[in-house]
Structure formats: C-alpha cells, structure tokens
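For reference, each letter of the sequence shown is one residue, going -27 to -1, 1 to 534 in mature numbering (1 follows the signal peptide of the UniProt record, and there is no 0).
Derived from the structure by calculation, the hints contain no laboratory data.
None of these values were measured; they are calculated from a predicted model.
The reader is advised that the hints may include incorrect statements.
[Claimed, not checked] Calculated pairs, BS3-like style, for lysine-lysine (alpha carbon to alpha carbon, straight line, at most 25 Å): (1) Lys12 x Lys153; (2) Lys12 x Lys82; (3) Lys311 x Lys229; (4) Lys52 x Lys12; (5) Lys122 x Lys229; (6) Lys21 x Lys194; (7) Lys21 x Lys153; (8) Lys52 x Lys529; (9) Lys283 x Lys194; (10) Lys183 x Lys12; (11) Lys529 x Lys377; (12) Lys183 x Lys21; (13) Lys21 x Lys122; (14) Lys3 x Lys529; (15) Lys229 x Lys194; (16) Lys462 x Lys311; (17) Lys52 x Lys21; (18) Lys229 x Lys462; (19) Lys377 x Lys413; (20) Lys82 x Lys52; (21) Lys183 x Lys311; (22) Lys153 x Lys82; (23) Lys274 x Lys183; (24) Lys194 x Lys153; (25) Lys413 x Lys311; (26) Lys377 x Lys518; (27) Lys153 x Lys52; (28) Lys529 x Lys82; (29) Lys3 x Lys122; (30) Lys52 x Lys157.
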Amino acid sequence: MAAALSKKLCCASYILYLYFIYHPAEAAVKRYQFDIQVKNVSRLCHDKPIVTVNGRFPGPTVYVREGDRVLVNVTNHAKYNMSIHWHGLKQFRNGWADGPAYITQCPIKTGHSYTYDFNVTGQRGTLWWHAHILWLRATVYGAIVIMPKPGTPFPFPQPQREEIIIFGEWWNNDVEDIEKQGNKLGLPPNASDAHTINGKPGPLFPCSEKHTFTLEVEQEKTYLLRIINAALNDELFFAIAGHNMTVVEIDAVYTKPFTTQAILIAPGQTTNVLVQATQTPNRYFMAARPFMDAPLSIDNKTATAILQYKGIPNTVLPLLPQLPEANDTAFARSYNAKLRSLNSPQFQANVPLIVDRHLFYTIGLGINPCPTCLNGTKLTASLNNITFVMPQIGLLQAHYFNIKGVFRLDFPDNPPTPFNYTGAPLTANLGTTLGTRVSKIAYNSTVQLVLQDTNLLTVESHPFHLHGYNFFVVGTGIGNFDPKRDPAKFNLVDPPERNTVGVPTGGWTAIRFRADNPGVWFMHCHLELHTGWGLKTAFVVENGKLPDQSILPPPKDLPPC
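Please model the entire structure based on the sequences and the hints provided.
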C-alpha cells in the first residue's frame, strides 16, 4: 500500500514537473527557501554531520525558465558562515547576487538571512549552485535547470524524460577539519574517500548497496541527462555500459551534437547528453572516475550508479562500462577538440574578432615560508607569480562605495619574468608575491586571455571559472603558447562557449570575451585546493556611459561585513 502511494505521489510530482517545463507561460517570479542546516548522513559505513540545504544531499534543484526572476532566501542555521554562488548565471549588472564570499558580498552569518534576487536573461540549459566559502561546497550544492522560453524547442530531438546526474566527493571525516589540518601543515589535505553520483558512491564501496542511484528507463525512449561535476578537486570521465551518449550542450550553451562512449567533465562544468534506451533490457553501470595525467596522488576510485531497464529484477548483476585510463591524455584532447558551439541563426556564436586587451597569465605552484608549518614552508599557488590574498570586506562593496586600501588595480597583464614555462621542473626560487591585486577592464572592450600552465614544482591541469561571463575557447595547445604562430590556428567561427575551461597539463588555453557586464568578477581555479592556495584574481569591469550600463545599487539586506 505504502509503495503504491509513493509511486502515485512520484508520478503526480513528475506530471507537475512536465507541466511546468512544457506548458507555455509568461516570465514569472520563482521563489525558493534555502535553510542551511546540519544533518547526520551515513556513507561508507561512517556517520557524520554535514552542512546541507533543507536537509538534502545533494540540495534541491532550482527550476526556472529563461526570462524569469528568481528569489532565493538563504537562512543560515549552521555554525559556519555561508554564501551561495549561482555558477554560470551571468548576473548582468547584479554582482550582489553572484555569491563568492569576500568578492561580491560578505558571508551570511549564523542566524541571519539574505535573499539572492536575480533575473535569468539570455540563458537556458543546465547550471548549478554551490557554497562559495571554505570547502563547504563538498556537501552544499545542487542543480539549476533553465528551460527555454515558451514555444522555443530544443535544437535536438525532444527527449521523453530527463534526469540530473551530479558528481561529488565524499570524505569520511569532517571536510573543514581536513582542510584546516592541511593548511596547518602547509601540505595538501587528504584526498576524498569516494566519488559520488547524486550523493551516493555506488555498490563498489563498503556499506553502499543502499547508497546507489538508479535510473529506470523504458525501451526505445530517449533520455536527456543533465550532468554536473560538483567534485572539489577532480576532473572525471563518465560512461554508461553498452550505451553511447550524444553531447548537445556544455555549460548551458548548445553544441554541435556528437556521439561518444565517454565524456570528460572538469569541476564546475556541466554537460547535457542524450541517451537512447535501445539496448538489450538489462542493468548497466554508469561510472565516473578521475582523469589525472600529472604525477600526483588522487582519489582514483570509481563511483557507480545503475541504468536499469523497466521490468529487469534488481538481482541481475550490472555490466561495467569501459572508461578511459586515468592518464588517457589522448582521449581528453580528442574529446575536447570535438566541442563546438552550435552557432545556428537562432543561437549564434558572437566571437570577438578584434581584441582590445591581450592578457597572458601563468599558472604556478610555489613554496612560501611558514614558521608554524611542518617543514617551515607551505605550498601555494599563483597567477603571474601573485598569490591572491582574500580581503576582509567584499571587493564589489569596496569598488562600488570607493573604499580605499582594500585592493590594488595593478595586476600585471603579463608574467613579471618570461621563462621556459613547460620545460624541466623548476624547484628553486619558488616564492610568490602576496597581494589583493586585480585587473581593471574598460566597459565593452574585448579581452583575450591566455592561461599558461607551468612546471613550477609540477605541471597539472587546471579548470578555470570566470564569474559574470561566458567566454569562447578559441585555442588550446601543449607546451608554451607562441603568440606569433598559435593565433593563426584559433577557431573564431564556432569555438565552444563556456564559463569553466580546463587548461591542459603542461599546456595553454586561450579565451575571448566582451566585457559588457560591469562589476567585480572573480576568476579562479575550480580545484578547491588550488583556490585556497591563492590561484585566483578578479576583473573590475568599469561602468559604461549609459544608465543601463552601470552596476545596480546593492540590496538593502546585503550581509554586513
């Protein structure tokens, strides 16, 4: 009886969801209440309290439609300060709703609330939200689904159903304690104990038979999977045994469709794929495990979920997919090379062809003195040899109210000393300069930024996220960027448009964007470890001359510093 009632409720909620998604409606106001609260959760035979939204792990999905206004009231009942970032939403003129603590706001203190009030303009697809302070996004994260405007179909075959797939990481011990211990020692903290799919590691882990996500499918139907990598520190391969996937969207931008056996997705990125349930009815594992082509220690275990055809009993053992090897650089390059913007008349790729401002940032690891650390030193990270120091008040407030002494506008456009960036490992003179230094960008100017990995200590892949903007990934390569030869190979017709891009191990990536969104916008490595070490900066984009080209006034309930 209870099972039947549960099934009816599930069907009713799904019908309501379909009505909301496909029924024509005018732009609306969508309201959500996010209660930040601690809940005891059990995984891998370990119980521990975790910070959640509304007691859910992962947190609730925010469903909206292009053109909607969204109000999310966040009330903090936990002991930690909190802020929420709406990853990939452009927040036009409205950095106050962007969320990174001490960049666009001070955090929401325990017992206080803040309403994130923003419009969803010119975007549709899969994005996500997460905590943007400390390492709290390990458990505080969820999906954002933006449906197109009424009457605007997907530019690919209409799926019969869709499902959200969110990758994460799980630590048996308290994540904040692990981070603090790493900082105290000056060393990397312990790697996670498992990866998860929709908060569950799957049956290959101890005590995890019941902690396995299952997607039931029906023969001959097409499914849209909205895939999000919310892991803190790992790029991931993902595949489904016996089934190909057709990539149709990345970072909420439609792509030219292509079929693949596996995808590669970096922390912060989203990928939408179509899957056709046309195989022999059975149970098939969906699996995710890390990609790492640098000589570094990682959590290399495989998280699994199950794609199960309707009518197949749970006693049937699932089939495992063939995932690329953990260091399969060739697959990574080949996969990323297939990503192209759709660039149709309706969804154009407006790539800047003329560049007003050329930036070249080197990515480096380093070692700085630390008298209280284990070896008297601590690992650090830098852009152009500058390790970013977080301010005590929000950069956006300091900029808007012209508060002096909070940041400097002298972040260099180029590294202070050119060198053979990807040659033999450099292990001497690894100190960095500390500072809260940012770049000022003229309104509506076009920017080209080349991100160059270096062999300071070691080469490594770095996924970089720019707040407030999408950008076009016009070029990428291995070795040192050659400003004379490499631009001739740029794709200026249909390059992938993203908000988060991987800089390849021992290589470079070139991006372009038009600075038409005034405000202070964070740019950082989306590996939480490296962000904490200082691999970050910000762009101060100036106001334009017209009233609708200036930063909006701050909301009255903006958290005080």
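**Request:** Starting from the hint list further up, note which numbers the structure goes against and sort them upward.
**Result:** 6, 13, 21, 24 and 25
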